[in-house]
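Visitor: Below, each chain spelled out in residue letters.
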Amino acid sequence: MENTRRVLSVVVINEEAVLSRISGLFAGRGYNIDSLTVAPVPNTNFSRLTIVTNGNKRVLEQIVKQLHKLIPVYKVIESGEFAEQEMALVKIPLNENFSGLDVMLKAYNGTIASSGENFIVVMVADDAKRIDNFLKAIKKFNPIDMVRSGSVALDV
Amino acid sequence: MELSGSQMVVEALAKENISVVFGYPGGAIMNVYDEIYKQKYFQHILTRHEQAAIHAADGYARSSGDVGVAFVTSGPGFTNAVTGLATAYMDSVPLVVISGQVPISVIGTDAFQEIDAVGISRPCVKHNYLVKDVKDLPRILKEAFFIARSGRPGPVHIDIPKDVTAQNAKFNYPDTIKMQTYKPTYKGNGRQINKAVEAIANSKRPVLYIGGGAINSNASDEVREFAKITGIPAVETLMARGVMGHKNPLLLGMLGMHGCYSANMAMSEADIMIAFGPRFDDRVTGKLNEFAKHAKIIHIDIDPSSIGKIVDVDFPIVGDLKNVVESMIPLAKEKINAEKYKSWRDLLNRYDEIHPLGYKDSDKVLKPQWIIEKTGEMLGDNAFITTDVGQHQMWAAQFYPFSFPRQFITSGGLGTMGFGLPAAIGVKRAFPEKISINFTGDGSILMNVQELMTAVEMNIPVINIILNNKFLGMVRQWQTFFYDKRYSSTDIQKQPNFVKLVESFGGVGFKVKTKNEFNVALKDAIDSKKVAFIDVDIDRFENVLPMVPAGGTLYNMMLEYKE
Ligand SMILES: Cc1ncc(C[n+]2csc(CCOP(=O)(O)OP(=O)(O)O)c2C)c(N)n1
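First to last, the sequence lines map onto chains A and B. FYI, in my numbering the residues of the first sequence are 1 to 156. FYI, in my numbering the residues of the second sequence are 157 to 719.
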């Protein structure tokens with residue numbers, strides 16, 4: 001059976017140990033986590049996690065069922081379409097030649113997020129594949145450091 | 157009404173109609189023990205090790221079907237209890253285990269006897285709680301009992317910091333509870349059930365594959381009736397012994413690694429398998445892609461994650477087995493003709509005649525199978541049977557004539573040596589009028605032997621039949637078969653004097669070398685009404701057969717061992 005990528009949106013009761021229950025489940029059963037983001041849902045007692053995972057058909061089915069089995073899990077949204085976005089921050093030295101940077105930032109919903117005496121930090125937001133591409137392309141500006149956020153997804 | 161956290165625990169147990177708890181005190185749980193001392197609702201049984209407290213509660217729960225309750229203190233008290241939790245979790249046993257924790261003010265400082273208990277228990281319980289506010293305690297206690305006994309049962313662990321056990325709050329214990337995120341499915345999908353019965357009616361070689369779910373759901377009557385009206389032959393897993401009853405002509409026997417030939421052949425040749433609450437354990441299936449490879453699969457389970465976990469299922473039905481089989485029965489009456497499977501039954505019975513479950517008796521040395529058969533003959537359904545883990549466990553499963561569900565109590569999923577004696581204590585406490593027999597090995601019995609003290613002190617006369625081969629027998633068997641007889645650390649001829657050992661605790665002991673001595677010893681042990689050891693010298697090199705070697709196929713069993 002072939003491995004495929006899967007985005008899961010998981011709504012959980014916002015209580016203390018819930019993240020360890022989920023990460024422990026993945027670790028203990030040998031499931032993969034490509035990325036995981038979590039934040040409270042405003043004005044409710046819920047949090048929403050976006051988990052990007054991969055596995056074969058049986059494993060993906062088990063992941064969903066095992067998540068459901070955790071007592072604080074309210075909903076696991078697995079199918080249908082997601083609007084998916086990921087963010088990346090890249091620190092670039094100021095002594096670089098910035099020709100072309102502006103066009104790139106535009107193409108990837110980007111902007112300059114911060115700057116200092118001898119660097120700027122650019123920010124982009126896009127789907128995970130395109131973030132991959134951006135991070136390859138930005139190499140020509142010799143970035144000092146970079147970080148990506150992991151996907152957040154909303155079922156549409 | 158304001159109560160302290162400790163008083164809440166006691167009052168909640170009273171509301172849950174708990175009549176006995178097992179446990180072991182210590183610093184962090186002392187406030188609770190003080191309230192246990194003052195109350196009259198339930199008996200507290202002090203075991204001599206925390207692991208045994210959990211196993212005793214487990215034996216109580218498995219035999220009675222009620223929730224078992226145990227108390228332990230923080231740190232080492234809790235870590236000692238972990239094997240007990242894992243044992244109960246693997247076999248879906250409803251427990252509520254309450255541990256003390258260091259005060260909230262010092263959590264995270266590596267305080268004396270502090271350990272991250274909920275961090276440790278998480279993968280071996282159905283759910284757990286660290287109580288941070290005494291106001292949450294009534295709800296948590298209610299939820300714990302509800303979660304433990306509903307859906308697929310399992311152990312629930314509550315960790316209570318010492319300061320929380322002393323703080324006061326209002327005690328409103330809800331009668332019923334609804335949880336936003338936990339709603340087990342009890343009723344099976346009607347269309348799916350219809351389709352499944354239709355598929356059975358169209359099959360030629362159906363087989364009932366009965367698992368522990370049939371016991372947990374108290375579905376034995378329904379399963380027996382379904383088998384009877386359809387004439388479909390049945391096989392039982394280790395966890396399901398007793399569901400069909402040994403006299404039932406449709407029962408082929410146990411399947412799997414040490415299952416009987418006809419049961420394993422039934423699985424291998426069936427064209428449809430009706431799985432009543434099993435979990436397709438690797439000790440049952442053998443090599444997966446050869447397992448029941450001609451069969452369409454109907455799988456009924458209350459736990460959706462159990463379905464499709466190991467094998468692809470053609471007719472998945474999520475629901476409580478009792479409920480689902482109840483609704484299958486009228487449909488089956490209408491659509492299924494038991495006559496149709498006569499030649500299939502005849503074939504399987506012929507398999508059983510060709511290769512029956514058996515052993516070669518001897519007049520020189522006692523055979524363990526004989527001991528078990530004899531015990532069965534003498535006690536039958538007057539006894540509950542618990543076991544430890546190893547060869548004796550398999551022989552008990554194969555040769556004891558089980559006639560009712562919950563009669564056989566064994567650690568199946570985790571295979572925990574040391575389970576038998578404390579579990580037998582829990583069983584006897586639940587059914588004082590019945591005889592509680594623990595079949596054990598000379599290895600296993602020493603893993604919780606201190607519980608003789610508990611049994612003697614509380615006057616809970618359990619009878620331990622030690623099938624003494626002076627080996628860690630099951631491991632020795634694998635070494636004989638697969639490791640060229642290199643008996644690495646399994647030859648345990650250095651032994652205590654078991655008779656004197658049990659006597660020193662205040663029990664009675666019997667050394668047995670002949671059949672006659674055994675008959676007398678068992679009668680005397682029962683008549684003595686005391687905690688007993690019957691130490692039986694058995695053939696040291698007897699093997700559990702037949703056997704499907706790990707990863708082998710069910711239809712290719714090792715029927716005898718040739719040097
Ligand atoms: C706690 C624990 N440790 C180790 C094992 C591995 N194990 C399985 S069976 C067995 C031998 C048991 O020996 P004994 O109790 O004498 O029973 P016998 O097989 O001889 O009947 C061992 C060591 C286990 N199941 N549980």
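Calculated directly from the structure, the hints in this document are not laboratory data. Among these hints, one or two may not hold up.
[Claimed, not checked] Straight-line C-alpha distance at most 27 Å; calculated DSS-like pairs for lysine-lysine:
id	chain 1	residue 1	chain 2	residue 2
1	B	Lys452	A	Lys57
2	B	Lys449	A	Lys75
3	B	Lys334	A	Lys65
4	A	Lys57	B	Lys465
5	A	Lys69	B	Lys298
6	B	Lys656	B	Lys641
7	A	Lys65	B	Lys669
8	A	Lys69	B	Lys288
9	B	Lys343	A	Lys69
10	A	Lys69	B	Lys669
11	A	Lys57	B	Lys339
12	A	Lys69	B	Lys465
13	B	Lys360	B	Lys196
14	A	Lys65	B	Lys478
15	B	Lys449	A	Lys65
16	B	Lys443	A	Lys75
17	A	Lys75	B	Lys343
18	B	Lys656	A	Lys75
19	A	Lys65	B	Lys452
20	B	Lys669	A	Lys75
21	B	Lys343	A	Lys65
22	A	Lys65	B	Lys443
23	A	Lys57	B	Lys360
24	A	Lys75	B	Lys496
25	A	Lys69	B	Lys334
26	A	Lys69	B	Lys489
27	A	Lys57	B	Lys669
Visitor: Given the hint that A/Lys75 pairs with B/Lys343, test it: the Cα-Cα distance must not exceed 27 Å.
Guide: Roughly 21 Å separates the two Cα atoms, so the pair holds.
Visitor: Quickly compare the C-alpha distance for A/Lys69 and B/Lys465 to 27 Å and report which way the hint goes.
Guide: holds (13 Å)
Visitor: Check the hint pairing A/Lys57 with B/Lys465 against an upper bound of 27 Å on the C-alpha distance.
Guide: holds (11 Å)
Visitor: For the pair we were handed, A/Lys75 and B/Lys496, check the Cα-Cα distance against 27 Å.
Guide: Given pair A/Lys75, B/Lys496 is violated - Cα atoms ~46 Å apart, limit 27 Å.
Visitor: Is the straight-line distance between the alpha-carbon of B/Lys669 and that of A/Lys75 27 Å or less?
Guide: Status violated; Cα separation ~62 Å.
Visitor: Verify the proposed pairing of A/Lys65 with B/Lys443, using a straight-line Cα cut of 27 Å.
Guide: Distance of about 25 Å is within 27 Å: holds.
Visitor: Does A/Lys69 pair with B/Lys489 here, judged by a C-alpha cut-off of 27 Å?
Guide: violated (35 Å)
Visitor: Below or equal to 27 Å on CA atoms is what counts here, so check A/Lys69 against B/Lys298.
Guide: Holds, at roughly 19 Å.
Visitor: B/Lys452 and A/Lys57: Cα distance at most 27 Å?
Guide: Holds - the C-alpha atoms of A/Lys57 and B/Lys452 are around 20 Å apart, at most 27 Å.
Visitor: So if I understand the rule, the pair passes when the alpha-carbon distance is 27 Å or less; does A/Lys69 with B/Lys334 pass?
Guide: holds (16 Å)
Visitor: Measure nothing beyond the straight line between the CA atoms of B/Lys449 and A/Lys75; if it is 27 Å or shorter, mark the hint as holding.
Guide: Given that 27 Å is the threshold and the Cα spacing comes to 35 Å, the pair is violated.
Visitor: Run the distance test for A/Lys57 versus B/Lys360: straight-line Cα separation, threshold 27 Å.
Guide: Violated, at about 31 Å.
In the structure shown, a violation is registered for the earlier hints numbered 2, 6, 7, 10, 13, 16, 18, 20, 23, 24, 26 and 27, in ascending order.
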